[in-house]
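Line by line, the protein sequences are chains A and B.
In terms of this note's numbering, the first sequence has 141 at position 141, counting the first letter as 1, and numbering is strictly consecutive.
Count along the second sequence starting at 1, add 1000, and that's the number in this note's numbering.
What the hints contain is simulated information worked out from the structure, not anything from laboratory work.
A few of these clues could be false.
Calculated cross-link-like contacts (lysine to any residue; reagent style SDA-like; alpha-carbon spacing at most 25 Å) [claimed, not checked]: (1) 122/A x 1374/B; (2) 122/A x 1273/B; (3) 1437/B x 14/A; (4) 1019/B x 117/A; (5) 76/A x 1404/B; (6) 76/A x 1405/B; (7) 1437/B x 11/A; (8) 122/A x 1436/B; (9) 76/A x 1440/B; (10) 122/A x 1113/B; (11) 1023/B x 98/A; (12) 1436/B x 74/A; (13) 1019/B x 18/A; (14) 122/A x 1194/B; (15) 18/A x 1434/B.
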Amino acid sequence: MEFFAEDMYRENIMDHFKNPRNHGIIKNPDIGFADNNPLCGDEIGITVKLKTEKIKDKNGNEEIKEEIAEIKFNGKGCAISQASTSMLTEQVMGMKLKDVKKMKNNDVIKNLGIPLQPIRVKCALLGFKVLEAGIFLYEGKNKAIK
Amino acid sequence: MIAYNVNKIREDFPILNVKVHGKPLIYLDNAATSQKPKQVIQAEKDYYETINANIHRGVHKLSEDATAGYEEAHEKAADFIGADNLDEDSNIEQIIFTRNTTESLNLLAYSLSNSKIDTGGGNNKADTIFELKEGDDILITQAEHHANLVPWQQLAKKLKLKLKFAKISLDSNDDEDFGTLDVQQFNELVTKKTKIVAVAQMGNVLGTINDAREIGKIVHENNPSALFIVDGAQSVAHSKVDVAKLGCDFFAFSGHKMLAPTGIGVLFGKKNLLEQMKPFMYGGDMIRKVTFEDTLYNDLPWKFEAGTPNIAGGIALGSAIDYLQKIGMENIFAHEQELTRYALKRLEEFEDITIYGPRKMSEKRTGIISFNIDGIHAHDVASIFDQHGIAIRGGHHCAMPLMSLLNVAGTARISFYLYNKKEEVDKVVDAIKSVKKIFA
């Protein structure tokens, strides 16, 4: 397949790279994790504040509803990893944690809207992997307390 | 001398006809691995089609031919790096075939960890015994590839040795010496406690050339029991190497960076040292006699080549050596120096490009140019280059400690070989303009 450099670095990607959404660090977050891609040295940290509600389902069982109330990322790296993470933060804002957990790699990659070389897929997924690991740690900790 | 004809050379490399994203391939990732001429590909094919058999075993014709071809390849390797100047009767005994430079260096790290060797270097017998003991040190430089760092780092941990790093110049304003070894400081670091010194002759990131001869002299003068190891992965592919002149005890290199297939590499070692060293791997072909209780090891170099080796790869390496020698390593070196000089000149057009390594052409510099464009990640640069059909490397180049020293996550790197030409450098300049346009 033939495509051009301009396709890969199309406007929406460069926009997210140059003007990252939800950039920064949340103080006292519920979820916080950072990791790097050893291949290229890209680093991404993600912090999340949750909105937690106790609700009752139709059978009257109590359930905890957790939503992403606020999410911020920081780090450094290539345009693909930074833009993809910026898009991811917009995507998951307000989502239920259990729905975030159901997300697949492709749900994140398709935000970019371009075909990716296999080696760049890791760049595109770095932010998602950090978020997943953060949620995993958060749930492990919560269970341990209970 | 016949004029260097790059277009004629290019005809030998079928892959240079490949199109990448619809554009002619411009291959500038030679420091990672080189392309292969049809003569080498044919040699590997011929082996499988006409003489394939296991070596040193059968008395049948095929096995004899395969053995002869494989041993002849050792002779060619010995000749290629000047090992035959050292001891012409036993050149093959000093050449061990491995998978690559990494395996050659691991072989050394393992074997030296449990060998006691009389180096025969000094006048006083007591001063010439090599044996690693707690508190001894190993000296490498700050610019080494992981292959010449991690084996020593882990060996040092295991035996409680100290791993020391000789400094390179980090003065980015020094056009000539940025990235080169501080030889004076190096001299001070080689003490009586220093048992192993391992240095790359050509840097795979900074493109610097170390004066291995000078370093070897320092090592052996400061400590006759120290062993001097040269990582020749880059240098052997691009310049004339003569281990007898270098004064090194060991010299490690890979076939795949010098036109041969992947999976074949070489370790040269001085015969008197190899004879006293313990094997690295045990098994078939490395033995002379085995009983249920004990084993007598085979002669050199087979003592260090356990198991069925990469016979086809070895023979193809011999063919690659023939090819390089026909063109002449001095000619290849001169061609690449010319390309590098031109590339450095053209890169001067950009004020926002940082070159990691000497910016000025000199005898301290070779055809590897690492650079970054301000504010743009090396991976993005490499991706956009790829869209132009230009293969370069973007990343840490297996030298993460050096990257942290340079305070970068990675760099973009172009690296030349005998088939590259000036027009390709011009395309690089176009690609850089394209990167800058996209990121403007």
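Do the hints match the structure? See the list:
1. 122/A x 1374/B: Given pair residue 122/A, residue 1374/B holds - Cα atoms ~23 Å apart, limit 25 Å.
2. 122/A x 1273/B: 46 Å, violated
3. 1437/B x 14/A: Judged against 25 Å, a Cα distance of about 12 Å means the pair holds.
4. 1019/B x 117/A: 16 Å, holds
5. 76/A x 1404/B: 14 Å, holds
6. 76/A x 1405/B: 17 Å, holds
7. 1437/B x 11/A: Satisfied, since the Cα-Cα distance of roughly 12 Å is no more than 25 Å.
8. 122/A x 1436/B: Answer holds: residue 122/A to residue 1436/B is near 24 Å, not above 25 Å.
9. 76/A x 1440/B: Holds: residue 76/A and residue 1440/B sit about 18 Å apart, inside 25 Å.
10. 122/A x 1113/B: Judged against 25 Å, a Cα distance of about 38 Å means the pair is violated.
11. 1023/B x 98/A: 46 Å, violated
12. 1436/B x 74/A: With a Cα-Cα distance of about 24 Å, the restraint between residue 1436/B and residue 74/A holds, given a limit of 25 Å.
13. 1019/B x 18/A: 32 Å, violated
14. 122/A x 1194/B: Violated, at roughly 42 Å.
15. 18/A x 1434/B: 17 Å, holds
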